[in-house]
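> Chains A and E are the protein sequences, given in the same order. Per our numbering, the very first residue in the first sequence carries number 1; after that it's consecutive. Per our numbering, the very first residue in the second sequence carries number 1; after that it's consecutive.
Hints are not guaranteed to be accurate.
Said to hold, decoys possible - Calculated lysine-lysine pairs in the DSBU-like style (CA-CA distance at most 30 Å, straight line): (1) K141(A) x K44(E); (2) K32(E) x K46(E); (3) K4(A) x K55(A); (4) K108(A) x K30(A); (5) K30(A) x K76(E); (6) K13(A) x K218(E); (7) K31(E) x K44(E); (8) K60(E) x K32(E); (9) K30(A) x K44(E); (10) K55(A) x K60(E); (11) K141(A) x K31(E); (12) K156(A) x K32(E); (13) K60(E) x K30(A); (14) K4(A) x K31(E).
What the hints assert, rightly or not - Cβ pair distances, simulated, as ranges: (15) R75(E) x D35(A): 22 to 30 Å; (16) R67(A) x F100(E): 53 to 61 Å; (17) V72(E) x E162(A): 48 to 56 Å.
Just so you know, the hints here were simulated from the structure itself, not pulled from any lab data. Glycine residues also receive a C-beta, built at the ideal position from the N, C-alpha and C atoms.
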Amino acid sequence: MMTKQVRYEALVKALHGDLYRYAYWLCHEKQVAEDLVQETFLRAWRALDSLKDEKAAKSWLITILRRENARRFERKRFDMSEYEEASITDTKSVTTEQELENHWLREKISQLPPEYSEPLILQVLGGFSGEDIAAMLDLNKNTVMTRLFRARNQLKEALEAEPVKRGMYNG
Amino acid sequence: MDDLQFRRAIYADPNNQDADAILAQEQDPSKKQFAQEICQLDEKIKQALQIPVPDDLVDKLILRQTLATHQVQKRKTRVHLALAASVAIVGGLVLNFMQFSSAYHDLGDYALAHVYHEQGNIANNASTQVTLASLNQKMAAFDGNFSQSLGKLLWADYCRFDGMKSLHLVYQGKTSPVTVFIVPKNEQLSFTDAFNDKDLFGSSLEFNRSNIIVVGDKNESLGQWQQSISDTVSWSI
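Next comes chain A alone, as it looks inside the complex (with noise of 0.2 Å):
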């Protein structure tokens, strides 16, 4: 019993983070994506025995989020239009260049579609490769790297079609 415990709280610490941005980037809400973590995770520790490798871990907690992510939706039937700008993290006041371009580039991000989207974070952000990612978005290895073409292409394009200078102008 004490063991289950002290492998869950490793796996918790260890990954928490990473799921809950991967959350994040699936439903673009604060607070759904951390009921999605939770869920996960319950999921997760009543499952712990099931859980031989623990490298397989994250794509292990990966999986069980996705499924929950999927019967949020069966659950209740979402209005699927376009969800507001407004919504998307805005956590600190821009203050620096480079908090300023995350701040644009987050929106960038979150207007890819969710086909490309998806694997971009798993690759960048879960460090998978494409095999990983192909395996657990259920799709072959080619259709994941042509994926993954277009989401940085779709970035790069829009980064070098914005203004040179952009943000706030003071005096």
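Given the coordinates of chain A, work out where chain E should sit on it, guided by the hints.
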């Protein structure tokens, strides 16, 4: 690797470590520059994706799991308690059944077993004798009375006849002692009027509230014993 292929490969995975992609970068400075640009873009994307995680999320996750576990455990202990109680009840019933149910099917079986058990204790020619008066004193417990002695009574005492208080009489027989039991009627053992094994024969007489069982060897005339018992015994109500 042509330019388009290279671009696609880098776009799909900026940290591409394929031998082809690395070779292409080394051969062509513009490709190398492109790869670096995309790497920078990726770094920016990474920065952008690193949205802040709520500080208390870890605590919430552990709290929620602890509560869930606690509930499961509570449910489990309740189930365990119920199981333990059931096992205890069943155990008690089984013990009860084993202790208080008889291992013998009928009067005959038990009577024979009882006689064999005591066989060595009393010799047929023993000098002891029990008087009719003391026999009748004992018979009073069964509301019975013998009007005269059936023969030489060697021994008379109460005994447990399959858990029932009964009177055990041993008379001198022709070759071996003849045993007479006076047993209260009971549902547990079914009545058998005659029984035997290879050495001993027995017969039972049924009265209102008691059975009288006679067991003797093949030299005894059980019919005669029965007749004299019927003639001499009387029951007060």
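> So, for every hint listed, does it hold in this structure?
Tested hints:
For the hint pairing K141(A) with K44(E), the CA-to-CA distance comes to about 25 Å; that is within 30 Å, so the pair holds. For a cut-off of 30 Å, the pair hint linking K32(E) to K46(E) stands: about 21 Å separates their Cα positions. Taking the CA atoms of K4(A) and K55(A), the gap is about 16 Å. The hint holds against a cut of 30 Å. In summary, the hint linking K108(A) to K30(A) is supported, as the alpha carbons are separated by about 18 Å, within the 30 Å threshold.
Taking the CA atoms of K30(A) and K76(E), the gap is near 35 Å; set against the 30 Å cutoff, the hint is violated. For the hint pairing K13(A) with K218(E), the CA-to-CA distance comes to about 92 Å; that exceeds 30 Å, so the pair is violated. Distance restraint check for K31(E) and K44(E): the Cα-Cα separation of roughly 20 Å lies within the 30 Å cut-off, and the hinted pair is therefore satisfied. Between K60(E) and K32(E), the direct Cα distance comes to roughly 46 Å. Violation of the 30 Å bound is thereby established for this hinted pair.
Restraint check for K30(A) and K44(E): the C-alpha separation of about 21 Å stays at or below 30 Å, so the hint holds. Restraint check for K55(A) and K60(E): satisfied, since their Cα atoms lie roughly 24 Å apart, inside the 30 Å limit. About 24 Å separates the Cα atoms of K141(A) and K31(E), which keeps this hinted pair within 30 Å; it holds. With a CA separation close to 17 Å, the supplied pair K156(A) and K32(E) stays within the 30 Å bound.
At most 30 Å may separate the alpha-carbon atoms for a hinted pair to count; K60(E) and K30(A) meet this at roughly 15 Å. Between the alpha carbons of K4(A) and K31(E) the distance comes to roughly 50 Å, so the proposed pair goes past 30 Å and is violated. Between R75(E) and D35(A), the C-beta spacing of about 24 Å keeps the proposed range 22 to 30 Å intact. Taking 53 to 61 Å as the suggested C-beta distance range, the pair R67(A) and F100(E) conforms, at roughly 60 Å.
Evaluation of the 48 to 56 Å hint for V72(E) and E162(A) yields a pass: the beta carbon distance comes to about 53 Å.
Consistency note: the structure conflicts with the earlier hints numbered 5, 6, 8, 14.
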